[in-house]
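J.: Listed here are the chains, written in short residue letters.
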Amino acid sequence: MRYKILTPALAATAALQFAGPAAATDLEVIHWWTSKGESAAVSQFAKAFDNDGHGDKWVDSAIALGETARSTVMQRVLGGDPPGAAQFNPGRQYEELISGGKLLDLTDVATAGKWDEVIRPKAIGSACLVDGHWWCVPVNIHSNYWAWYSKPVFEKAGVPEPKNLADFIAAAPKIKESGAIPFAIGGDGNGWQIQLLFQDMVTEALGVAKRDEMYTKKSAEIAGGAEMKGVFTQLRSLKQFTDNGYANRNWNDTTNLVITGKAGLQVMGDWARGEFAAAGMTGVKDFGCMIGLNEEKPVVSTDGDIILFFKQNNPDVEAAQKRLAALLISPEVQVAFNNAKGSMPVRGDVDMSTADPCMQKSLKAVEDPANIVTATNRFITENTNQQINELVAQFFADDSMTADDATAKFSTIIGNSD
Amino acid sequence: MILVAVGVFVIGIGFSVLWSFTSSKLFPTYDFVGLAQYRRLWADSRWLVSVNNIWFFGLMSITCNMVFGYLLAVFMDQRIRQEDLFRSIFLYPFAMSLIVTGLVWQWVLDPNLGLQAALRNLGWSSFSFAPLVDAETAIYALVVAGIWQGSGVTMAILLAGLRGIDEDIWKAAKVDGIPTWRTHLSIVAPMMKGAFATAFVLQCVSVVRVYDLVIAMTGGGPGIATSMPAVYVIQLITVRQNVGQGMAAATMMLLPVLVVLAFSGILLWRRNREVGV
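Quick note, the sequences are listed as chains A and B, same order.
Numbering-wise, the first sequence is residues -6 to 411 according to my numbering.
Numbering-wise, the second sequence is residues 11 to 287 according to my numbering.
Label pairs and their in silico Cβ distance ranges:
hint: 1; chain 1: B; residue 1: His194; chain 2: A; residue 2: Pro166; range: 58 to 68 Å
hint: 2; chain 1: A; residue 1: Asp309; chain 2: B; residue 2: Val16; range: 37 to 47 Å
hint: 3; chain 1: B; residue 1: Thr208; chain 2: A; residue 2: Lys169; range: 47 to 57 Å
hint: 4; chain 1: A; residue 1: Asp397; chain 2: B; residue 2: Leu268; range: 35 to 45 Å
If you want the footprint, here are the derived chain A segments under chain B, 3+ residues with CB under 8 Å:
hint: 5; stretch: 66 to 73
hint: 6; stretch: 182 to 189
hint: 7; stretch: 239 to 245
Rather than coming from a laboratory, the hints here were simulated on the basis of the structure.
Heads up, the beta-carbon is just placed ideally off N, CA and C, and yes, glycines get one too.
Given these sequences and hints, build the entire structure.
T.: Here you go:
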């Protein structure tokens, strides 16, 4: 008797559970936008998705540090429990996810939204457009080629604001005398901040064409050349202007040193601008920005963020994923997100007149194809990327390692890369 | 139960070894490449640093743990007052998660907010103590934290061993006029062989799998100065998306364990033969 009563009750509960997702779809999104400026930006996505009129809900899974977030996503995919969507950087980090058939094909959304026409420059779209199919949504263009400095620190030290990296190195001893840390950097996450600086210096030293040749042809010869040794030597000279608290520091704490006037200059991508904005500073009087480590040769890299959507085998969820994909690239969301984030929108047809002077610089530079630098991640796999991370982090930490050793090791890594 | 446990272990280890001979990247494949992963592994400076570190860390922390643990146990055995309180204090580091204690250590040793900053704020402006940020000294800081964590449990095991020694032996040694240190070294310690072996094996296990301490305190840095084999394996598999080489490293970690097992197996077999069993 008891079972007879229980069975309909169980059936009702089960039915209720299945009825749930059809009414409102929860979509878990994993990302590493955890700093103050970044969370202000990502909340623009969440707000737009929650109010899209379909009762959808953005379930936020923020995991600090890109490499940790990405490996969490990979483990979830391998374990058969992928999140609804996840942030990645454009490049080769997800090529095996595409070839392994783990991603949702967004081609119909892209065709409807004319992505191939509105997304500029083309290099940003090509990160997602593989073999004629769209596998991800580019949401912003970040350039890694920036340096941010505190105007009060330079004023106090009595040195002019820098126009390029060599200027800065010349001025650094005076900044040190004035009591501030001349050069701010952090060594967390296997040293990715040091590699960012390193890659900026590589492009500056080799020039765009030779750098691209080194990465595409895996040229151990260029990687072991005199210019590369020069880069390592310059990297060592920058180290003497850092503080000894750098070892495990994350990028936004490092930016905070510049914001609070404890440090002079930081080389970091333009997501740092979001931190200055979140601290209520403007680029006109409080802080300065140096584009491309050399104001006379402005360059913009096609780094940035993309959102991947994972196959869920549930039509309701897939419909919600496609709604989110279309929403992320819509003009209003692009403006709101990128203004908070400090990045450029991926489409040229939006009004960014409210952007601050630093972003105006990059909006101007991005119009000329000669200024565009392909993101390093496009050329190298995550494996190679981490090997370079380890090399530059080791070189930066260990003063007994010579520039010759480091150049030879770099040459081996590039020569063996796949 | 035994079947499941052994099955899971053997199958898991079998696949690790198998995949170490393939070119697996993010997804495991069966594209066999022979010993190529091992050659790349032993050419990777981070792996070489990891191997050096584990030997250094292992030797230092096991030796110090055994010595401190024994001294602490002897101290506790002097019928001191408040023994329970002291025992709790010494065992406390072991009871807490290494992620938590590692983070506390990291904060204490951080030059900008820990001990150095505190003493400088008090007026000692030339004070400099920041072992974690220097590639040369970071490994010593790990060893110290390892000792702080591990000596308590060694003490507990050895104390139990000491308490198991018959009072009469102490009395007899005293009657014979043997100095206390000599009694400890030549009579009591050999009688505690079992307790020493247990403590030693526990220490060895914790050294081989040391992971959380490194992650919480240094993240393997500065640079790659405090990388350890277990950290390397996880890094390769999850972050670098290079399962093949990660499995090769895991297999290399298994080798010394197998050698020790084989060695103790042979010893046991020979002893049994001598006894004539």
